[in-house]
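Chemist: Got chain L; can you put chains X and A on it based on the hints?
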Amino acid sequence: MTLSTETRIGRHYVEALRERFPSTVLEEEWQTDDQVTVTVKVNALPEVVEWLYYQQGGWLSVLFGNDERQLHGNYAVYYVLSMEETVKSWVVVRAQVDAGTLEFPSVTPRVPAAVWGEREIRDMYGLIPVGLPDERRLVLPDDWPDGLYPLRKDAMDYRERPAPTTAVETYPFVNDARGETRDVGLGPLHITSDEPGHFRLFVDGETIVDADYRLFYVHRGMEKLAETRMGYDEVTFLSDRVCGICGFTHSVAYTSSVENALGIKAPPRAQMIRSLFLEVERLHSHLLNIGLASHFVGFDTGFMQFFRVREKSMTLAELLTGARKTYGMNLIGGVRRDILKDQRIATLKVVRELRTEVAQLVEMLIETPNLAQRTQGIGILDRKVARDFSPVGPLIRGSGFKRDIRADHHYAGYAQLPFDVKVLDGGDVQSRVLVRVKEFFDSLDLIERALELMPEGPILLEGFDYTPHRFALGFAEAPRGEDIHWSMTGDNQKLFRWRCRAPTYANWPALRYMLRGNTVSDAPLIVASLDPCYSCTDRVTLVDVKKRKSSTIAYTEFERYGRERKHSPLK
Amino acid sequence: MNGIDRGSFLPAGGAPTPISESEQTRQLKSTLLKDIQRSAYVYRVDCGGCNGCEIEIFAAITPIFDAERFGIKVVASPRHADILLFTGAVTRAMLTPAQRAYEAAPNPKICIAYGACGCGGGIFHDLYCVWGGTDKVVPVDVYIPGCPPTPAATLYGFAVALGLLDQKLKAGHHRQGDAERALVAHPGLPLDLCVRIEREARRMVGYRDGRRIADDFLEILAAPANQPLADRVHRYLQTEDDPRLAEVIARLVDVSARPAGQEAP
Amino acid sequence: MFKLLKTVIKTGEATVRYPFAPLPVSPGFRGKPEYDPTQCIACGACTIACPANALSMATDVEQGTRTWELFLGRCIFCARCEEVCPTRAIALSPEFELAVGNKADLYQRATFTLTACRSCQRPFAPSKEIDYAMALLVHSGLEADAVAEQRAHFETCPECKRHQSIPDSDKLTLGQTTTKGGAL
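Residue numbers (the working numbering), protein chains in the order written: chain L, 1 to 571; chain X, 1 to 265; chain A, 1 to 184.
Just so you know, the hints here were simulated from the structure itself, not pulled from any lab data.
Heads up, some of the hints might be wrong.
As the list claims (entries may be wrong) - Taking lysine-lysine and the DSSO-like style, the derived pairs with C-alpha atoms no more than 30 angstroms apart in a straight line are: (1) A:3 to X:73; (2) X:170 to A:103; (3) L:438 to L:384; (4) X:168 to X:34; (5) L:88 to L:422; (6) X:170 to X:29; (7) X:168 to A:103; (8) L:312 to A:161; (9) X:73 to A:161; (10) A:6 to X:73; (11) X:34 to X:136; (12) X:73 to L:312; (13) X:170 to X:136; (14) L:341 to L:312; (15) A:161 to L:349; (16) A:103 to X:136; (17) L:384 to L:265; (18) L:438 to L:88; (19) L:312 to A:103; (20) L:349 to A:3; (21) L:422 to L:384; (22) X:136 to L:153; (23) L:265 to L:341.
To be verified - Part of the chain A face toward chain L, derived, beta carbon under 7 angstroms: (24) 2; (25) 6; (26) 28; (27) 109.
All figures in this text were calculated on a predicted structure; none of them were measured in a lab.
Here a beta-carbon is modelled for each residue, glycine too, at the ideal position from N, C-alpha and C.
The following block holds chain L by itself, in its conformation from the complex (with noise of 0.2 angstroms):
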């Protein structure tokens, strides 16, 4: 792609990056008009994510690691940040790792946000960040055998399954608590709902001294697929089954990923009819979300309510896109369905409807003794840590940081849909769900007009060339943060890389500090004010280093106590 010097957007990041690290710069390489990818020495990897993190507004969106050594004989990683400071663009730092040594800097001492991708570039790459502080696996199974790294080109066929090493778990879970604490383990199976997750407690009597967690318990290797079994315009289907709740978001990111590869750009249409189908998609989502809140602070009723009335938004799905989950809508160059009359008249009446009844419910809840005791101050990601962590989403908004792909970085129909970004300074679980309240009514919003300025043309752009190791960013804010996608393409119809990253990975490393000084029965809570794809928690085993004293009790008994806050399981 030929694009000019003067329109790209960013580009005196890299001039003062050149000026402050003077000969480090080895490459420089533009995407689009706001993506640049520069090529550092490895070496100077640290101090340049470092200070366009620090001192240039810099966010960690993802990093990960690439085979490249088919194309120039060494491995690759990239460091993605979004800079957000007066002038938003994205700035790519990538470093080549040598193929002998597999050998570079940690970032992590330096940017504590790059810890989850350093450890899952070990796993997948078998690179080795020095300096890495936790060197523990992240996303493979505790019974994959060492030295297996599936990611790099020529371990394994991707339908390799190597025979399990252990039938326990191994994973050991960190506790930084100073003094003596009980240890309370919860999952990986669990009632309530979703992604099966191990949680560690470590308590003094009923405070959380400090947390740790096991995920990626439903890793499935989908990156591994993308780049074998699959085209390129398959992937589209498999993105949309990253998440069963923002499906669409991470195929808008996946499809736009391509297309800014490409140098190619779905109509306007098209666009417009994304930006609606994502705020659909945050409809029910929040809905769930609002709803589960209702739950966990003990209003089961307003819980149901919620629920009733979110089934409008899943028949609102249904209509726009044939399926109650908006899966299957994208195609690389556009979308497959359009808005004809009759779904734009439905959609009015159903956005109408929506608008009264939920802020007749949000009234009841607010009005809910239970909600303000039970989530004012509670769970509060400090500013700090945030800065530190790059989380996304309202999780991040409700602490202050105006941060929203939506209206930061331009994608789909949004630059034709401004919107205030909504933000409170709590911090805590309650400003978090009222930012999700907020959202709610700008989506209706939001939805109304698009409908209005729905363009004119096709949905659909036909006609363009796939050409093989072509890189880009694509982007979409889903109803719990922002999905980050970067895809290479390859030979052959296939991707070479597709890199994905869902919101809740970029959440998950700072739970850890919100759970800290809390008690056992704010845990549900504040797990489920993530919003991560909805919190993981099932059986709960008590340890007490002070009373020396080991128990399990059933999960349904810890919720319970979450609730009504008697009869604490642990006395």
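Modeler: Using the frame of chain L, we list chains X and A on its own:
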């Protein structure tokens, strides 16, 4: 571990051995199902799904679909369960927890494979980190397809599992007949025109409505021409009264007027 | 509290009648793929497009047959098959009651006959695909009789066609010719 030897779950030679059911258990189950006169409790085992299924199960137990009116209640522990609902393609990390949940539920129990991943591994069926569906690890009684199954499909599935409704689907195997031929659409109009019209309609409104609108338009074109095309199109648009449709049809009229090979801008 | 009670009373019965009454779905709902084997030409477009591999085709050279298979259990209801099918043999229907007790009932198959090449006798293409291609030629304006006369030509596999169409003198540049042919 409650007397369960976890070592016995270790997959041999790379693939897990599904737990099998004894003849006695099977008989017990059919006796129970013949005369079930009580509630059935459900425990959900997420074996690595995308959450789509989990949320639809949620929708099935909340007011609009209200599975609880049939006594179907989601419970917190497999020890209370009559029905185990498995979602997900069974990831490596969830193999042991899934089999332990199965062992923990009292006999007789009904196992349901839920959703595309549960029934057959779904889009993930052959990946390195999954085992490819519920029946690879536990015996399955009922399969509920869907990606995800809708709450109504879930209710139907429960009814089939409890023997209250009969399954509708039957396996089918068609063998090509002697003079079997596939028919060509719109044989009365030039092929090239049909192709260009349908292609433009799909570009404008997608595969589904595009085909329908193209068919409507081609029918108008093919109708005996006792009226000018413009009038016939006008009448069609009047009955539909949709500005977007008018825009699309105007494009199709334009395409039909152009010679082949000359595409619309 | 009062408001809550009011809402509850005002809402009344929210639950749908299903399964005691049919549940209407939206027009355009993506339910069970409805397959019409008489309209299928076994071209395989759907099996290539299917992201989940719910659709597959297997060729039995011995028997001279090709069997198309839908495993509904794996279907993700994306409707790519409907989108790519050239003969409208498959389309998603409003049917959602798909649960079965017997896994075998989730499979649907159709077996088609392959035509053997007139020259080398090896089966190479479904007979219905050849018939359909010929019907399209008629549809595109060629005389039906003229197309029918060419049947022997259509029932010859691409490999044999290439051999037949190359005059002896051109065989020297065979490499070039096959490369070009392969790209077509």
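Chemist: Each hint should be assessed against the structure and marked as holding or not.
Modeler: So, going through the hints one by one against the coordinates:
1. A:3 to X:73: 29 angstroms, holds
2. X:170 to A:103: Measuring from Cα to Cα gives roughly 10 angstroms; hence the hint holds.
3. L:438 to L:384: Measuring from Cα to Cα gives roughly 25 angstroms; hence the hint holds.
4. X:168 to X:34: 19 angstroms, holds
5. L:88 to L:422: Holds - the C-alpha atoms of residue 422 of chain L and residue 88 of chain L are around 18 angstroms apart, at most 30 angstroms.
6. X:170 to X:29: Since the Cα atoms of residue 170 of chain X and residue 29 of chain X sit roughly 23 angstroms apart, the hinted pair holds (cutoff 30 angstroms).
7. X:168 to A:103: Within the cut-off at roughly 13 angstroms; holds.
8. L:312 to A:161: 60 angstroms, violated
9. X:73 to A:161: 66 angstroms, violated
10. A:6 to X:73: Given that 30 angstroms is the threshold and the Cα spacing comes to 27 angstroms, the pair holds.
11. X:34 to X:136: 27 angstroms, holds
12. X:73 to L:312: 23 angstroms, holds
13. X:170 to X:136: Since the Cα atoms of residue 170 of chain X and residue 136 of chain X sit roughly 23 angstroms apart, the hinted pair holds (cutoff 30 angstroms).
14. L:341 to L:312: 19 angstroms, holds
15. A:161 to L:349: 62 angstroms, violated
16. A:103 to X:136: 13 angstroms, holds
17. L:384 to L:265: Violated. Residue 384 of chain L to residue 265 of chain L sits at ~38 angstroms, over the 30 angstroms cutoff.
18. L:438 to L:88: Judged against 30 angstroms, a Cα distance of about 24 angstroms means the pair holds.
19. L:312 to A:103: 34 angstroms, violated
20. L:349 to A:3: OK: residue 349 of chain L and residue 3 of chain A at ~24 angstroms, within 30 angstroms.
21. L:422 to L:384: 20 angstroms, holds
22. X:136 to L:153: 28 angstroms, holds
23. L:265 to L:341: 26 angstroms, holds
24. 2: 10 angstroms, violated
25. 6: 9 angstroms, violated
26. 28: Residue 28 of chain A check passes; min Cβ-Cβ to chain L is 5 angstroms, inside 7 angstroms.
27. 109: 23 angstroms, violated
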